[in-house]
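Put chain B on the given structure of chain A with help from the hints.
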Amino acid sequence: MIAVLNTSLTCKWAKQIGDTSWALLPVANRPLIDYWLETCTGMGIRSVHILLGEGAKEVEDYVRSGDRWNVVVEYVFSRSNETAVDYLKSISNYWKNGLLYFGGPFFMRRRQGFRPDGFKKLQTCCHKFGDVPYFIYGKNGEELSVLIGDCIERNRGLEEIHINPYVMGSIGDYFELNMKMVRAEFSRYVTAGFSGGDGSSLGYNVRTPPSSHLQAPILVGDDCRFGAMTTIGPNAVVANHVIIDAFSELTDCLILDDTYIGRNLEIRNKIVAGNRVIDPSDGTTIEITDSWLIAHNRQDMRTGDVVRYLILWCVALAIALVQVIPFCLLLPLIRISGTARFRKKQYHDPNTGNISLPVFIKQTDRKSVVYRVFRALSLDRFPRILLVLRGRMFLCGQPPMRHPEDDEIIKQLSHYYPGVFCYQDYNSDSDRLVDSLWYAHIRSLYEDLKILVKALVSRFLSAGRKTTMDEK
Amino acid sequence: MLVNCSKIDGVGVVVVSAALTAATVDVFREELSSWQAAEPDVKNYVINLESVDFMDSAGLGTLIAVLKRISERGGDMKIANLQKKPRMVFEITRAYKVFEIYESVEDAIRGFD
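Those protein sequence lines, which keep their order, are chains A and B.
Going by the working numbering, the first sequence opens with residue 1, and the numbers climb by one from there.
Going by the working numbering, the second sequence opens with residue 1001, and the numbers climb by one from there.
If you're looking for bench data, these hints aren't it; they were derived computationally from the structure.
With a straight-line cut-off of 25 Å between C-alpha atoms, the simulated BS3-like cross-links for lysine-lysine are:
{"id": "1", "chain 1": "B", "residue 1": "K1084", "chain 2": "A", "residue 2": "K12"}
{"id": "2", "chain 1": "A", "residue 1": "K12", "chain 2": "B", "residue 2": "K1085"}
{"id": "3", "chain 1": "A", "residue 1": "K15", "chain 2": "B", "residue 2": "K1085"}
{"id": "4", "chain 1": "A", "residue 1": "K139", "chain 2": "A", "residue 2": "K96"}
{"id": "5", "chain 1": "A", "residue 1": "K57", "chain 2": "A", "residue 2": "K12"}
{"id": "6", "chain 1": "A", "residue 1": "K15", "chain 2": "B", "residue 2": "K1084"}
{"id": "7", "chain 1": "A", "residue 1": "K89", "chain 2": "A", "residue 2": "K128"}
{"id": "8", "chain 1": "B", "residue 1": "K1085", "chain 2": "B", "residue 2": "K1068"}
{"id": "9", "chain 1": "B", "residue 1": "K1068", "chain 2": "B", "residue 2": "K1043"}
{"id": "10", "chain 1": "A", "residue 1": "K345", "chain 2": "A", "residue 2": "K411"}
{"id": "11", "chain 1": "A", "residue 1": "K15", "chain 2": "A", "residue 2": "K57"}
{"id": "12", "chain 1": "A", "residue 1": "K128", "chain 2": "A", "residue 2": "K96"}
Next comes chain A alone, as it looks inside the complex (with noise of 0.2 Å):
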């Protein structure tokens, strides 16, 4: 038996809580894809495969191997004109004994009833939400495709078992689950690193001053600080590594993890993650600007990032002491000779919406030594270079993208880094969308360095031959 765990569909109101991938959002302190693959471990399920999409490298971050949870796990990118059903037809040869798939921020409510041994009574069975399966289950290959290919909703299964499936089609789903959890259920998925025995659970590394007042049922995750004369509860989730300051007093509220919350404040009803502020009753969002307010406790670049972006910046400037004089002497020669000329154009820019960047477009169409010299040394990229070294632009990264012309590419990217050095300087068959989606989910120091030294060796052995598509 496999399993299949489908996180690439969209979830649009996941997106009003952050740029966490709706798969990795807590439900009572623990990832939702925590729960779907501790059911793999609970029916026995080695081989688990991943779909990934969006905040693909956040899941895959999490899950890594799948030690943690004894699967071991394949990670699948999925096709933006391939359903989750297209796929797992293409893939029945892995699940003629048996298949689980999860797919959508769906969870499954265990009633009183339910016990862990009940998936073994489990009925072949398929779960919808509108038109999308959202939880589909069989022992049997011939049954499963027949489930598959007619795509037959059978309803009744987890309900057969005390499971309540439960689909969080909005935000105030979400926080409604969270508040079914700390009212009275999360003693069936959690175990606390405290427990009163009265509806509380605290993490580990929990520091509550005397003066702070902990109200039942309240569900508080690991490293959280408590100020004094705080109320927290009845009906608080808190997860990990939040601080509260004093005076504030927290109710019917879902703290998501690295918050702060300042002093003096009173959160009700409300869903806080990082520094905004969320309605669940119809999704409303603030972001908070003062810090002393509500503000995200860590920050968002990690050592690996930072010492990445030294690397690169120290390489960068290296290129550039090394192309400066012979861009002095090549480009009065080249303008000279009217072959070519830097122009401005108009591109993205992750901080600022726009950026003018200098694009070396060739003038004429007769050869000239000098323009391919030029091109061959990768003197053209000079001037981005110097934009590197302002900060402005990354060494390498995904191509730049236009304005407006690339919008509706950049509406699909989560995360933006124009580079002076993509893909496409080496490989002319590059899809700027794929590849650009690619680079996010794998960027390291070694791939950026790896874009480095092909583009630089292309480009020197193909003298200038080769024109990407900015500079036609």
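Same frame as chain A, now just chain B:
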């Protein structure tokens, strides 16, 4: 013009036309003060926040300062047409306990009776 002030039934009605943030509070304060100086007989005020779709702590602090100044002169200040997003700021900072908030300017004016 960030604020547009008028007098209705002896109550100063202050219509704020943009977000109240650190970038705009100085203009708000100045324009309101100059109108107050020109209309010394007006003691009670209604701040109409119909067009204010966002407010930060500086905006909130300014409203509290204005309320304090008006109270010192023996008047009162009420807020009307508070929009959803600023309302959330009011809720989390407990500012709703400080201000009287009404659904419309008319209701707020009647509130002085």
